[in-house]
Amino acid sequence: MAVIETSDLTKRYGDVVALDSLDLTVREGEVFGFLGPNGAGKSTAINVLLGLLTPTSGSARVLGHDVQSESRAVRRRIGILPEGYSTYDRLTAREHLDYAIAAKAAADDPDTLLDRTGLSPDARDRRVGGYSKGMRQRLALAIALVGDPDLLILDEPSSGLDPSGMADVRELVREEAADGTTVFFSSHLLPAVEAVCDRVGILRDGRLATVDTVDGLRETLRTESTVTLQVDAEPGLDLADIPGVSTVTKGDGELRVTCTDLAAKAPVISRVAAATTVRDVTVDDASLDDLFETVTAAEGATDGRPPEVEA
Amino acid sequence: MTGSVLRVARHDFLNVRRSRLLWGVVAAYALFTVLLVISGATSDITSATQLLVGVTGVTAVVLPVVGIVAGYLAIAGEREDGTITYRLGLPDSRLAVVAGKLLSRGATVVLGLGAGFAVALGLAVAMFGSVDTGVFARFVAISTVFALANAAVAVGLSALASSRARAMTLAGGFYVVGDVLWLVGSGYVVDAVEAVGGVVGVTVSAREAALVTALSPVGAYLEAMELAFAPAEAARAGDAVPWFGVGMLLVWAVAVPAIGYWRFRTAELA
Chain E
1 MAVIETSDLT KRYGDVVALD SLDLTVREGE VFGFLGPNGA GKSTAINVLL GLLTPTSGSA
61 RVLGHDVQSE SRAVRRRIGI LPEGYSTYDR LTAREHLDYA IAAKAAADDP DTLLDRTGLS
121 PDARDRRVGG YSKGMRQRLA LAIALVGDPD LLILDEPSSG LDPSGMADVR ELVREEAADG
181 TTVFFSSHLL PAVEAVCDRV GILRDGRLAT VDTVDGLRET LRTESTVTLQ VDAEPGLDLA
241 DIPGVSTVTK GDGELRVTCT DLAAKAPVIS RVAAATTVRD VTVDDASLDD LFETVTAAEG
301 ATDGRPPEVE A
Chain S
1 MTGSVLRVAR HDFLNVRRSR LLWGVVAAYA LFTVLLVISG ATSDITSATQ LLVGVTGVTA
61 VVLPVVGIVA GYLAIAGERE DGTITYRLGL PDSRLAVVAG KLLSRGATVV LGLGAGFAVA
121 LGLAVAMFGS VDTGVFARFV AISTVFALAN AAVAVGLSAL ASSRARAMTL AGGFYVVGDV
181 LWLVGSGYVV DAVEAVGGVV GVTVSAREAA LVTALSPVGA YLEAMELAFA PAEAARAGDA
241 VPWFGVGMLL VWAVAVPAIG YWRFRTAELA
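So the protein sequences, as listed, match chains E and S.
To convert, note that position 86 of the first sequence is 86 in my numbering; the numbers rise steadily by one, no gaps.
To convert, note that position 209 of the second sequence is 209 in my numbering; the numbers rise steadily by one, no gaps.
Honestly, the hints are just simulated from the structure, not real lab data.
One thing to keep in mind: the hints can contain errors.
Claimed, not checked - Which chain S residues stay away from chain E? Per the calculated CB distances, all over 12 Å, these:
#, residue
1, Leu90
2, Asp92
3, Ala115
4, Ala137
5, Ala141
6, Arg236
7, Leu250
8, Leu269
What the hints assert, rightly or not - Per the computed footprint, the stretches of chain E lying under chain S, defined by three or more beta-carbons under 8 Å from a beta-carbon of chain S, are:
#, stretch
9, 49-63
10, 86-93
11, 99-107
These numbers come from a predicted model, not from an experiment.
Here a beta-carbon is modelled for each residue, glycine too, at the ideal position from N, C-alpha and C.
Build out the structure end to end from the sequences listed, making use of the hints.
Below, the structure written as structure tokens:
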């Protein structure tokens, strides 16, 4: 069953197309990473799913319910952390959770939820106004977990968190996924997505550039791997006949071989080693960062690298 | 639905209770009534009823401020700071949010005014020896309805506004036009109606002029006050339309929130 299904979903603001005919399917139980540079339309798509924005055309269903006409039914069964989410400065963490638990007619214990997201016990009865950004994020995540939702929609859940906080978020996503919860989360930061996602969708300029597994993405993009060998003498070798080798550059006692097929690396190394003394070998596989740039920078974009800070 | 509305109202009230807003309004209003009573007592006024008649013109300007301050950020403030995504990420309808806000901000006004009126009552008893409880109770009731109508209008305008600044502009505009300018210039409106009536050959009676004056909340309040000071039908001026005034206050209290909700229902909240 599709947990999220959008069909030809479009959102325009005057002449600006924020979301361009998005067709997206997220299956039950999977962890889906929604990637894209800032301004690609990730938050717009998520806000349409949450019923905060009305699409210009097209439709979306979440857990079988139309997001426009049956928004309350959708919101009963999901946990959310949208962009620009804010809690009340004058209320405590416990008061936020009590309200959310009542609204969802759930039976959760606020402390159990806050234990899971790691908000320290002595902060729970203090007003949120005095919290750090990371503490607010931990509270927001606990609120998202209220009522054991069937789907978690998290927009940039790692923003404002330090590395250990980001690891906690990944751990939480894994736990929820293991429990059968479908997780849909957006990010412009790749390591989190690479580490936990079953599938990844990359959004660029409001359009879905690609959807695939992390491994599948590597495969389809045929990303390169670079083998650099430190050699005593430059051998008069021809490596171009090895299948998957694309370019060979020589100089300064170094041989750089780029392979479009990862299987070409081993034959390259053994052939060079047979011809001369190899002092060192470094292998540089394409990371998802490179993939991300390759995909989002396609069609002549000038800068595919996402900024470090989410606005 | 009812449970949802009450939950939103309780939660919002908890938040408002901790803000300086409520206490500021209570303190300002209590201080204001103290000043009024003292200034009344030092003049040649000899009874509490006379004092109340005298202060009605002042409460007509001050009570809307209490109501508007209590209501104008109810929804626009949450849209501005992003807390609306917390509230509407939960399974409550937008109607429940508007209704809950009306309730909680109404309760804020009632509590604030209640404190102010209690202070005034104590002072009046101390200075004049006795207070006509019937007159005082009716004065308090009509004044509270007036302040509540203004609070409801402010919540309605807040639902229309997409930002704090816009809510402020709308609420301020409403206060200036519907209250201050109307108080000063409703005579010109009546003149204009009479002029148009003259062109088409219709004479406007004093009663009809009173109906025109009572169209705005402040005009309606002043008309309704006839009920406080001259409860017997016979004692009232022949052209007074007090119940029309009460009705107009209710119309304002329902119509503006209804329009606000109608726009908020489909508003883009992100």
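Would the least Cβ to Cβ distance between Arg236 (chain S) and chain E come out above 12 Å?
About 47 Å separates Arg236 (chain S) from the closest Cβ of chain E, which puts it past 12 Å; holds.
Does the no-contact call for Ala137 (chain S) survive, Cβ to all of chain E over 12 Å?
holds (35 Å)
Separation of Ala115 (chain S) from chain E, once the least beta-carbon distance is taken, above 12 Å:
Label holds. Min Cβ-Cβ 21 Å, cutoff 12 Å.
Checking the smallest CB distance to chain E, is Ala141 (chain S) really beyond 12 Å?
About 32 Å separates Ala141 (chain S) from the closest Cβ of chain E, which puts it past 12 Å; holds.
Would you assess whether Leu90 (chain S), listed as outside the interface, keeps its beta-carbon beyond 12 Å of every beta-carbon in chain E?
violated (4 Å)
Is it the case that Leu250 (chain S) keeps its Cβ farther than 12 Å from each residue Cβ in chain E?
holds (30 Å)
Against chain S, does the stretch 86-93 of chain E show at least 3 residues with beta-carbon separation below 8 Å?
holds (count 5)
Taking 12 Å as the cut and beta carbons as the points, is Leu269 (chain S) off the interface with chain E?
violated (4 Å)
In terms of beta carbon proximity below 8 Å, does the stretch 99-107 of chain E have 3 or more residues touching chain S?
holds (count 5)
Test the statement that Asp92 (chain S) is away from the interface with chain E: the closest C-beta pair must be farther apart than 12 Å.
Per Cβ check, Asp92 (chain S) is inside 12 Å of chain E; nearest 6 Å; violated.
Within the assertion that chain S covers the stretch 49-63 of chain E, do at least three residues meet a Cβ-to-Cβ distance smaller than 8 Å?
The restraint on the stretch 49-63 of chain E holds, since 5 of its residues have a Cβ under 8 Å from chain S and three suffice.
Of the numbered hints listed earlier, those contradicted by the structure are 1, 2 and 8.
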